[in-house]
Amino acid sequence: MEFYCEACETAMCGECRAGEHREHGTVLLRDVVEQHKAALQRQLEAVRGLRGEPSSRAAVGSPGAIALDLEQALQQRKQALVSDLEAICGAKQKVLQTQLDTLRQGQEHIGSSCSFAEQALRLGSAPEVLLVRKHMRERLAALAAQAFPERPHENAQLELVLEVDGLRRSVLNLGALLTTSATAHETVATGEGLRQALVGQPASLTVTTKDKDGRLVRTGSAELRAEITGPDGARLPVPVVDHKNGTYELVYTARTEGELLLSVLLYGQPVRGSPFRVRALRPGDLPPSPDDVKRRVKSPGGPGSHVRQKAVRRPSSMYSTGGKRKDNPIEDELVFRVGSRGREKGEFTNLQGVSAASSGRIVVADSNNQCIQVFSNEGQFKFRFGVRGRSPGQLQRPTGVAVDTNGDIIVADYDNRWVSIFSPEGKFKTKIGAGRLMGPKGVAVDRNGHIIVVDNKSCCVFTFQPNGKLVGRFGGRGATDRHFAGPHFVAVNNKNEIVVTDFHNHSVKVYSADGEFLFKFGSHGEGNGQFNAPTGVAVDSNGNIIVADWGNSRIQVRKPGAGTRRAPRPPPGAAHPPDPTSPPIPARSLPRCSTAPAPSCPISTRLQSHCMAHRAWH
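1 is the number of the first residue of the sequence shown in full-length UniProt numbering; add one for each residue after it.
Each hint should be verified, as a subset may be incorrect.
Unchecked claim - Distance windows between CB atoms, simulated:
hint : residue 1 : residue 2 : range
1    : F381      : A87       : 48 to 56 Å
2    : T229      : C8        : 42 to 50 Å
3    : D514      : S359      : 50 to 58 Å
4    : R195      : Q394      : 31 to 39 Å
5    : A73       : Q93       : 28 to 36 Å
6    : V161      : T98       : 33 to 41 Å
7    : S340      : R168      : 30 to 38 Å
8    : L121      : Q157      : 42 to 50 Å
Unchecked claim - Capping the alpha-carbon separation at 30 Å, the derived lysine-lysine pairs in BS3-like fashion look like this:
hint : residue 1 : residue 2
9    : K244      : K212
10   : K429      : K345
11   : K37       : K94
12   : K469      : K431
13   : K92       : K78
It is worth saying that the hints were derived from the structure and are not from the lab. For glycine and all other residues, C-beta sits at the position ideal for the given N, C-alpha and C.
Take these sequences, add in the hints, and give me the full structure.
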């Protein structure tokens with residue numbers, strides 16, 4: 001091939017040039033090869049420039065340079081100390097030298113006067129002694145009365161004080177490397193400030209950083225910048241508040257109405273959806289919206305900040321069927337998250353129960369740490385109590401926890417097989433249920449002050465007075481409406497009805513305060529309204545039942561009365577018909593349930609509805 005067709009951008013032979021390419025412009029192939037090589041080389045360099053290879057030298061300062069700077073600083077300090085030493089020593093020596101000169105001068109005067117007087121007495125004649133007597137007497141008297149500086153006018157103290165230990169610790173701990181795994185293309189921004197803003201009023205949004213796999217980043221210090229561009233093209237930086245937990249709050253104020261352009265950059269790259277187009281309105285022009293009546297909540301990071309995100313699913317559990325789950329179209333509003341894995345104050349290793357007290361406290365049962373931890377409603381750690389053991393007042397795998405109207409903390413102690421009651425300050429008061437309970441899991445307090453206990457092993461629900469007197473019990477092992485298969489936790493609604501999660505029956509059952517079965521909901525599955533091993537349960541002030549669907553890794557909320565079909569009430573005085581599959585259980589001969597408690601989960605809190613629920617998060 002000797003020729004090149006520019007129109008077809010292909011090489012060709014002489015026959016093709018004379019044939020199908022005869023009307024096209026052709027040139028010799030050797031004349032265009034170098035041009036095409038140069039063009040390809042330029043494109044290759046441009047593509048290489050797009051790789052954006054990270055440079056550790058650009059991001060991290062040289063430790064060698066820092067060490068050299070510190071060495072130079074130490075040398076400068078050494079020279080300064082030496083100069084101060086020389087100045088102080090010179091000043092002290094000058095004072096002492098002046099004093100020495102004065103003493104030596106006085107010594108010479110005394111010596112000369114004494115010598116003159118001795119010579120006059122020894123060698124002088126009587127007339128000569130009488131002649132100098134008066135003069136010598138006055139001179140000697142003056143010398144005797146003169147005060148000479150016999151005591152030193154300076155001291156010998158000159159010490160070098162160095163705080164070497166503190167300096168050494170500071171040097172050993174000098175510097176820290178800050179980085180995160182956050183990526184801009186997975187990081188999301190949420191909040192009303194992304195959609196619209198009112199002129200002259202602060203608008204806020206929250207940026208939640210995520211890594212390349214979409215997992216939440218739980219550390220701060222990321223390089224996040226934002227700016228707002230007004231309708232007139234003026235650009236203003238947006239302040240960023242780092243909450244040190246992977247979330248950042250941005251607050252800006254629109255100056256004029258119109259369309260604003262909000263740009264959010266993480267490490268110089270736009271986050272997902274950035275730049276955002278925001279509509280700035282005057283307060284009187286704001287259209288009514290159902291969102292306006294929603295209750296706003298505050299996070300501990302600052303006023304008005306909140307993180308809105310979809311629930312994160314965990315891998316399938318041992319109870320999961322492995323089928324495809326239905327997506328939950330509702331976004332949950334995470335107010336804040338409390339704690340991390342560990343054994344220190346405010347850390348957990350196996351959370352089980354949680355309760356919100358009317359005094360504005362959150363009480364958490366940390367099972368593996370064998371303690372109860374108390375937080376404020378803002379998530380601040382207050383105190384913890386409990387020590388591992390099998391004596392009264394000690395804890396051996398605490399699970400459920402509740403707070404009564406007096407503020408006393410009621411703890412279901414699973415392995416000790418009793419329920420312990422502590423004062424609001426965490427001091428042990430008494431225990432109840434010993435000898436009756438086989439594995440208390442959940443605990444709640446009804447409107448009469450009675451303590452409701454779910455016994456996981458005996459598959460029964462017990463009702464006690466605060467003094468430990470048994471009021472009643474119901475349930476037993478089985479699959480009928482009035483029986484359980486590994487019940488876990490319990491809650492009481494505003495009708496004083498008892499709500500129990502039936503773990504292995506994959507349902508939630510509701511009973512009257514006397515133990516009469518009312519209704520149940522849920523079945524085994526992964527669809528909406530179905531459960532896969534439900535655990536935690538709570539009831540908010542509106543009567544909504546919130547259930548931790550453990551095996552499906554989600555929280556489900558059931559409205560009061562939704563699809564409820566209550567069991568018919570028996571005539572007064574009539575007993576419940578016996579269940580042929582499970583005979584009644586004698587009061588002191590309770591069978592053990594063969595099922596083990598499910599693994600526990602951390603918690604999510606919604607303080608505004610006073611609802612506490614377990615969230616599957618492992």
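Hint check:
1. F381 x A87: 48 to 56 Å: 53 Å, holds
2. T229 x C8: 42 to 50 Å: Holds, since T229 and C8 (Cβ atoms, about 47 Å apart) stay within the stated range.
3. D514 x S359: 50 to 58 Å: Since the Cβ atoms of D514 and S359 sit about 30 Å apart, the hinted range of 50 to 58 Å is violated.
4. R195 x Q394: 31 to 39 Å: Since the Cβ atoms of R195 and Q394 sit about 54 Å apart, the hinted range of 31 to 39 Å is violated.
5. A73 x Q93: 28 to 36 Å: Hint holds: Cβ distance 30 Å, inside 28 to 36 Å.
6. V161 x T98: 33 to 41 Å: 29 Å, violated
7. S340 x R168: 30 to 38 Å: 31 Å Cβ-Cβ, so the 30 to 38 Å window holds.
8. L121 x Q157: 42 to 50 Å: Given range 42 to 50 Å: holds, Cβ gap about 48 Å.
9. K244 x K212: 19 Å, holds
10. K429 x K345: 23 Å, holds
11. K37 x K94: 85 Å, violated
12. K469 x K431: Judged against 30 Å, a Cα distance of about 11 Å means the pair holds.
13. K92 x K78: Holds, at roughly 21 Å.
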